[in-house]
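Kindly produce the complete structure, drawing on both the sequences and the hints.
In case you want the letters, here they are:
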Amino acid sequence: MLLKKRFKRGWQKVKKLVLVVATLFVMALLITGCASKGGNQAQTQAKTIKIGFFAPETGSEAADGTSAYNSAKLLIDQVNSSGGINGAQLELVNYDDQLDTKQAVSIAQKLTTKDGVVAVVSGSYSGPTRAAAPIFQQAKIPMIAGYAVHPDIPRTGDYIFQQSFSGVVEGAAAAQVAKDKLNAKNVAILAINNDFGKTLVQGFQQQAAKLGLKVQDPNWFNFGDTEFTPVLTKIKDSGADVVFVPAYAAEGSQIIRRIHDLGLKIQPLGTEGLDSTTQFLEVAGQYADGLVIVTNLNRDSDQQVVKDYVKAYKDKYGHDPDMVGASTYDGLYVVINAIKKNGATPDQIRNGIAATKNFQAVTGVIQGYDAINQVIKPVQVQQVKNGVFKYFAEITDPAIITPPTK
Amino acid sequence: MFLQQLVNGITIGSLYSLVALGLTMVYGIMRVLDIANAGAYVLGAYLGVWGYTHTHSLPVALLAGVIGAALVGYLFQRLIYTPVNRPDDPIVPLIASIGLFIVMEDLFRLIAGPWTLTFPARLPFQRLALGGVIVTGSQLTILATAAVLFLLLWLVLNKTKIGLGWQATAQDTETSMAMGINTRAVLAFAFGMGYAFSAIAGILVAVHHNAVFPTMGDIPSYKMLAIVVLGGLGNPLGAILASMLIGLLEAFVGGYVGSSIPTDALAFMALIVILLVRPQGLFTSGGAAK
Amino acid sequence: MVDKAGRPEQLPDSLPNEATTTEAILRVDHVTIHFGGLTALSGVDFQVRRGEICGLVGPNGAGKTTLFNVVCGVYRPSAGAVYFRGQAISGLPVHRIARQGIARTFQVVKPIPHMTCLENVMVAAGAHLLARTWTPFTTRDKRRVESRALEALDRLGLAGEAHLPAGQLNLGYLRRLELARAILLNPSLLLLDEPVAGLGYDAVEEFIALIRSLHRTGLTVLLVEHNTGVAEALCNRLLVLDQGRLIAQGHPDQVLSDPVVIEAYLGKDDQHAPIP
Amino acid sequence: MNYWMVLLTTVGIWVLLALSLNIITGETGQPNIGHAAFFGIGAYAAAVAGTRYGVSFWGALVIAMLASAAIGGLLGLVSIRLRNDFLAITTIGLNFVVVAVFQTVPYFGGAMGIGGIKPPQLGGLSFGPLEFAIVSWVLVGLVVLLSYHLQRAWFGYALRAIRDDEAAVEAMGINVRRYKVLAFIIGAALAGLAGCVYAHFMTFISSTDFSFNVSVTILSMVVLGGRGSVLGVLLGGVLLGIAPEVFRFISNFRLLVFGGILVLVMRFSPSGLLGQGSWLRERFARLRGADLHGG
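Protein chains in written order, with numbering that gives the first Met the number 0: chain A, 0 to 405; chain B, 0 to 289; chain C, 0 to 275; chain D, 0 to 294.
Please note that the accuracy of each hint is not assured.
What the hints assert, rightly or not - Across the chosen pairs, the derived CB separations fall in these ranges: (1) S146(C) to P82(B): 41 to 47 Å; (2) G159(C) to G276(D): 20 to 26 Å; (3) R85(B) to G284(A): 45 to 51 Å; (4) L170(C) to R277(B): 36 to 42 Å; (5) L150(B) to Q167(C): 51 to 57 Å; (6) A284(D) to S146(C): 22 to 28 Å; (7) Q302(A) to G58(D): 52 to 58 Å; (8) H53(B) to F248(D): 35 to 41 Å; (9) I249(D) to R77(B): 27 to 33 Å; (10) L78(B) to K117(D): 48 to 54 Å; (11) H53(B) to A284(D): 55 to 61 Å.
To be verified - Each computed SDA-like pair below joins lysine to any residue, with the alpha-carbon atoms no more than 20 Å apart: (12) K113(A) to F246(D); (13) K49(A) to I75(A); (14) K113(A) to T47(A); (15) K113(A) to L6(D); (16) K315(A) to L109(B); (17) K389(A) to Y286(A); (18) K72(A) to G83(A); (19) K139(A) to M4(D); (20) K113(A) to V92(A); (21) K178(A) to D396(A); (22) K139(A) to G127(D); (23) K117(D) to R154(A); (24) K313(A) to A111(B); (25) K117(D) to P133(A); (26) K264(A) to M0(B); (27) K264(A) to D236(A); (28) K113(A) to L129(D); (29) K180(A) to D299(A); (30) K384(A) to D288(A); (31) K405(A) to G114(D); (32) K141(C) to Y147(D); (33) K158(B) to L148(B); (34) K315(A) to G112(B); (35) K49(A) to D346(A); (36) K264(A) to G131(B); (37) K339(A) to I84(A); (38) K340(A) to S81(A); (39) K141(C) to R151(D); (40) K49(A) to K339(A).
Keep in mind the hints are simulated off the structure, nothing from the lab.
Positions of the beta carbon are idealized from the N, C-alpha and C atoms, including for glycine.
Here it is in structure tokens:
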């Protein structure tokens, strides 16, 4: 019994010790945390050009965040290894926003006030990007959103650019493809209920109305849903011949699999959300064959810049890049191009980006930016043929690819 | 259409019931709402995929998932839940389980990477089409496995010593201790079995969706709470029936109304309405309410 | 502390002004309770007159505590009703019954462990004085509540332990703490649920003296006790309950020698053995 | 400079939420794991009032408090019928339902959220990060004073007694239901206050800002700090509020550390840093000689 008692008392001591250590550990973190922030201030700024970057590298969307960061890092390393920009090395000041708007705001403040970056690329979703944009606008530091599509982002101000076309443009292009290429007669819609899905459906409906294409009332599903047999059974009975599916890879792959499971004879039409080999193609498997998507990455492109990017990414990270990575890469690519042409101060970069004309990037030829800095570039259309995205078409009609500026 | 939705509903319900049973095994004994149980769901999927890639056999994958999860369940019970469990302060074990769930999820991301792994297992059953109603291979597997597991659980709970020990301890821990039931063994059994059930559900879902990713446990972890409470906490039969109810509800709401209400909000709405009418849940399991 | 009329405000020392009539302060009228199939109480009928110390006795499982809980409002009777000063109270929630002047103690003591004795009693004192919603927010009346609480503690000989956390008291003191909380409700009926269970011999004596002193202030007491010796010493009337039925009532000597009661306690075929 | 102001405001909002939850869960012991619902209701009430009806920040503060207090009262009424585990799940349910309503109902901007919320004006001065930091920490000061006052008032004693033993308190003639509902109303109103400040600070809100893991963070702050101890909850709020910033340099392991802290604290000191009977609190009590009850 005595042993047990001594052990008990010993255990109490251990408990106290652990708590003391934990508290001190937290205190120590506090101090080092502050010190490390101050630390990078002291680095010599002579030769490095700092570009800010934030993406959801942990948390629920870690896959997209990591893919965006990998592409940005790839381009920075490529540029630095080839001597940087007229002698100056590039530094990517990267932060993880965990897809949390509150953290995006403090990251934006830190980038603008403490880290002294000259430009920022957002590799995050619409939420954090919208929260950070006003801060960059106020600080007169140009920010380019890699793949966020919310229409409010470019409307924040003249220092904020949108690298992937707005949901309305992509939706309209999809309607055009459905009408011309897939000669759809009765289109069902199965869309994710968030800003991504809403803007795409809006664009699709507007264009379909112009083309006189019959479109059913949209069915909405939510982020994280995995069961689609109920709603697809409903679509099966609705006699639709094409189903427009604005969704992300996780939900999209389940929709495609259930379409096959239910023996639904329907042509699925997807969007850039599904443009990912690891997250979508591998999961959907052979059921994805025949799927047509509107996106901005043409993997079949004969353009050297596209081939180099796909090869370099696969060599460095072991798997194919996806649209999120390609768009973020282009965002940085446009910034670097602006620095080369126009100089490395925030204003020079802003003007350089705005002045970009017919610039061949990974996600197609960037014809330019409209009055509120939305990108104008053709919409790529890809089709899945035995497990690989293949060129299907390209929408270049200005009436469609020029985004609304109201 | 109605029959197809019925099949869809029951399949969804069967999947929910496996995780719900996992939770019930744990709650029945310790009155702890173990959110980390959904961690076992994801752990099962990862072990399953790991097992499958090496052996290409589904049974081995299932075994790997079950053993791994049961072991983790036992460790959690011994190291965290038993010392932390305070009947008069239920928030403490609940927060501990939330912490464990966060740790597990991030560990999966760190170890297996944030990307989605595929689980291309060939299923024992092929697609069935009976008169317009389509039952896919994976749906059949889920239904079959769930049926087998319900039977197995019924047998274990009613026919084995440890199973009866569980039932006794679930009703009254002090009296069962007094009557010589080795509650430590029953605790280990409850957590082991509970986590194993969730692991099997995880593997079945992974095969059904051909996808394993670190955050696949998010939705189930909280939806199951609604289901388990709906079924009357600690009552295995109640958990199964409640799972079927929610599965059918989702199938018919999803199919007919085409609503955009998130499914977990749907489950919670059903729960709140029912709790207001019957504070002890649908299938009472004793004086849980005032 | 002085109240508005200048008289020192303290506990009622004199008997309440109504004359000690034979009017029943508590009437239990045909109360029946079913728990699922089990009938815990069936058709229990009795009265407690003002100024009495009434003992509710019977073998374990006779339904004493169930009856006690019906009077306190914890259970609602399946049939019949309970009247207090002529008004039916069986439907009221527990706190309304308590507010009417029925105070109770618990068989298993229920202190608030981390709060000091003074605070434990203050909670009860406040309930009575600050019934209106907004006053509990002010700290202005707290002094008045504190003084009433100190008085009650002093009355029960717990003044010394005022600032000790209740969790550190022994059972004897805890029982007295519950009594202190009870009298702060200015009750006219005190319900005691096995108050001396688990107490040592001299503690029982002390407790009985305390109950008697409280009774002298005009309190009517209803006592649940399975130990007939204590009941006999304290009560002037006994009610005997067996399997949910009232089988006898009257003066302790007469009731305890009644063969029906003995049979209930000791079972059928035993010869006359003195009840312990 | 702005960075510190933004950080101060964010932490201020977190502390406000932790203090408001402390009244429900810390003082009265009612488990509430859906507190972000009241945070959201306050934010959306302020956003809708501001964008649709042109109500100023100061007006919106009142509206936000009233709106979340009303729902808080409703949940309080529900809490009376339910015991611990059932109540905990129902609060989680409320959180999911409230987020679903904000996400699907067009009046609340649906999935696009509500943008264009004008920053507050005070005598022509439009609020920037500095003003927001001041406002949020003034509010924190007020709520701390309110919490201490409530703890000192008889109301506080009643709540703490209810936390430990409802049956005993009810037997003393206290209407336990009313005090539980009151606690929910006060806690919800203060969370609505934080919601209004958040809406105007961010200038746009969407339903995902008030999701379930926000509730988990708030509850962890209260439990880590020490339930029932105002100072402890304040400390818990600050520590976990700045944690994402401080732990940024181990960014890849932040969630791991956050989850780990929760498990460790629950395992070794469930009453939190300064809660009832925690190791640190006894040291303070011994140092100051006075018995530190309540505070």
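>> Checking one constraint from the list: CA of K113(A) to CA of V92(A), max 20 Å. Satisfied?
In response: Cα-Cα ~11 Å, so holds.
>> Quick check on a hinted range of 48 to 54 Å for L78(B) and K117(D), using CB atoms only.
In response: holds (52 Å)
> Falls inside 35 to 41 Å, the C-beta gap from H53(B) to F248(D)?
Replying inline: holds (37 Å)
>> Can you confirm whether the C-alpha distance between K405(A) and G114(D) stays at or below 20 Å?
In response: The hint holds at about 16 Å.
>> Please verify whether K49(A) and K339(A) have alpha carbons no more than 20 Å apart.
In response: holds (14 Å)
> Is it true that the CA of K158(B) sits at most 20 Å from the CA of L148(B)?
Replying inline: Holds, at about 15 Å.
>> Holds or violated: K139(A) and G127(D), Cα atoms, limit 20 Å.
In response: holds (16 Å)
> Between K339(A) and I84(A), does the CA-CA distance stay at or below 20 Å?
Replying inline: holds (6 Å)
> Taking 20 Å as the top limit, are the C-alpha atoms of K49(A) and I75(A) close enough?
Replying inline: holds (11 Å)
>> Can you confirm whether the C-alpha distance between K72(A) and G83(A) stays at or below 20 Å?
In response: holds (13 Å)
>> Between the beta carbons of S146(C) and P82(B), is the distance compatible with 41 to 47 Å?
In response: Distance hint for S146(C), P82(B) holds at roughly 44 Å.
> Taking only the CA atoms, is the gap from K141(C) to Y147(D) under or equal to 20 Å?
Replying inline: Within the cut-off at roughly 15 Å; holds.
In this structure, none of the earlier numbered hints is contradicted; all agree with it.
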